[in-house]
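Asker: This is what each chain is made of:
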Amino acid sequence: MSNVYVIADNIVSPLGVSAAANFAAVTGGHSGIRLHDNTRLSPAPFYAALLSSEQLQAYSAAAGLQGYTKFEQLLILSVSDALFQSGIDISSPRTAFLVSTTKGNIELLEQQPDEPRVTEQMELMVTARKVADHFHYTGTPLVISNACISGLLAILTAQRLIASGRYDHAVVTGADVVTQFVLSGFQSFQAVSPEPCRPFDADRKGVTLGEGAGTVILSNRKDLAPEGAAMVRAGSVSNDANHISGPSRTGAELGMAMRLAMLNSGLTPEDIGFVSAHGTATLYNDEMEAKALHLAGLQDTPVTSLKGYYGHTLGAAGLIEAIIGIRALQQQVLIPTSGFAQLGVSMPVKVIKELEQRPMQHYLKTVSGFGGCNAAVVFSLNA
Amino acid sequence: MNNQTAYITGHCVIRQQRVYCNGQLLWQDESAASLQEFLRNGYDRFAGQYPKFHKMDNLCKLGWLAAEVLLQAAPAVDHLPEQVALVLSNRSASLDTDVRYYQSVKDIPSPALFVYTLPNIVIGEICIRHGFKGEHAFFVNNRFDAAQVFACAALLLGSGAATACICGWLEVMDQQYEAVLYMVERKDVEGALPFTADNLQKIFES
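For the record, the sequence lines run as chains W and C.
The numbers in the first sequence follow this note's numbering, run straight up by one, and end at 383.
The numbers in the second sequence follow this note's numbering, run straight up by one, and end at 206.
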């Protein structure tokens, strides 16, 4: 089993178009969440972390991407930047190309309001193929659509494919766009917060949605990894087997995924510098996560949620948040949970409130989603 | 992984209003005029007594029914719930339900439909029914890709993350549908085929 290094990364979000710019914004305390009044997306004003269309158009025009949908533009911009840094050959048969998303081009449904019909471009493999072709990738992209764990599951799948020897490198990208489709759905669940989301807080009132893309390039080649590169260690996926839209009542299944991720990385809870939790700020999710952290022995480990900076970016969340976590690990810094003031879960957990330096070697990223899915992955500094 | 440590111990194919298990035609429905009706008749024929079935969208009903038939023939009783994995794939993700949900948005957005606008919900429904808690992933492809399904299931079986894996293809779009599910286990049973991409493909084409 070979080591798997994160040799390049990118985030395209309201906070910037590179991973470095995004990390600087987050550590500077900036949030991408704003109040929007856009009747195309929602009849009433709503909070969300949206890319300004002028900004995206400018970047896409510069890159000659006018013929692509917004979802595809996000992916292409993100992959281009990461690929440029990495120096790998994407067209090699030893390179895997993974795409994660929940809804892909679903906004195309909204562009035919009279009689919405499915078109070929809404098929996730068709859009993934289009993006792969842009980079002259000739293999078959691996498209993962597994609700809100998609991004982290894509990283974990790529790590396993490389560690098992099937590939040498992987381009792992993911994106989702805030659409009327998704926003109305969360609103129909009464799950959208009337203020910017407040993960783990006593007054949390639900999720805030966000959009963006994230990319990591993974490789088994240590010589391609920059100084201080992180490694993707073991991870685990579990299912609650309880409810399709509500999280586990006990947190046992997420707790098990956390335990297995640490165990299979040869680590104990004491080794983990911090946990980057899912922290959607719904009543039930954060409660479930607090229980899972206790069951995994992580009740004394600092915990953060990045949803207060990015909103919930769905299929991109696992990627964007893993990248910020990796950079936090490299900079030896704990990132505060934006929107959090007072603990509001029944099992006490150590939610990070202030930016703080701390020596650490490993961190744990977790995500959970509809369908009862959970995933946890350990990232480590290259020792 | 060493292919000889895993075997295809059962398979279920549902297409053209016929249900096959391990290559045998178990049932064919001549009467159903729609996919919805066929799935309801299949539920009555093979299951019953699971009221949640009626709330599901067609993709979940099809996957639930195929898993029901598969597990009646190849029960996963020798495996811990945490060691049973699911690796499923299709072409249209949840687009069949996405359109229905989006039609409701103009009127009153339906939370009951919205929850089915993710393809992995069928994995959740199968896990709830059978108590499976293990690894899982939903992949989207333009066709059944035996090599890809094999590779992803083999990663889980080969690393010990799972001792059994239900894998395959579950597609629904309007009235078009196809289900091919395999039970793959790290044990040999009489009549089982070695777990290879070729054998997955042969069963798919049979």
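Don't read these hints as lab results, they were simulated from the structure.
Each hint should be verified, as a subset may be incorrect.
Listed next, the in silico EDC-like pairs over lysine to aspartate or glutamate satisfying Cα-Cα at most 16 angstroms (straight line) [to be verified]: (1) C/K55 with C/D145; (2) C/K106 with W/E110; (3) C/K106 with W/E115; (4) W/K130 with W/E115; (5) W/K222 with W/D133; (6) C/K106 with W/E107; (7) C/K106 with W/D114; (8) W/K130 with W/D114; (9) W/K350 with W/E227.
None of the values given here were measured: they were computed from a predicted structure.
Asker: None of the hints should be skipped; say for each whether it holds.
Answerer: Comparing the hints with the structure gives:
1. With a C-alpha separation of about 30 angstroms, the suggested pairing of C/K55 with C/D145 is violated against the 16 angstroms cut-off.
2. For the hint linking C/K106 to W/E110, the alpha-carbon distance of about 11 angstroms falls within 16 angstroms, and the restraint holds.
3. Restraint check for C/K106 and W/E115: the C-alpha separation of about 11 angstroms stays at or below 16 angstroms, so the hint holds.
4. Using a Cα cut-off of 16 angstroms, the hinted pair W/K130 and W/E115 is violated, with the two alpha carbons roughly 26 angstroms apart.
5. Taking the CA atoms of W/K222 and W/D133, the gap is near 28 angstroms; set against the 16 angstroms cutoff, the hint is violated.
6. Between C/K106 and W/E107, the direct Cα distance comes to roughly 15 angstroms. Compliance with the 16 angstroms bound is thereby established for this hinted pair.
7. A C-alpha spacing of about 10 angstroms is found between C/K106 and W/D114, which places the hinted pair at or below 16 angstroms, so the restraint holds.
8. Between W/K130 and W/D114, the direct Cα distance comes to roughly 27 angstroms. Violation of the 16 angstroms bound is thereby established for this hinted pair.
9. A threshold of 16 angstroms between alpha carbons decides the hint, and for W/K350 with W/E227 the separation of about 31 angstroms lies outside it, so the pair is violated.
The structure shown violates the earlier hints numbered 1, 4, 5, 8 and 9.
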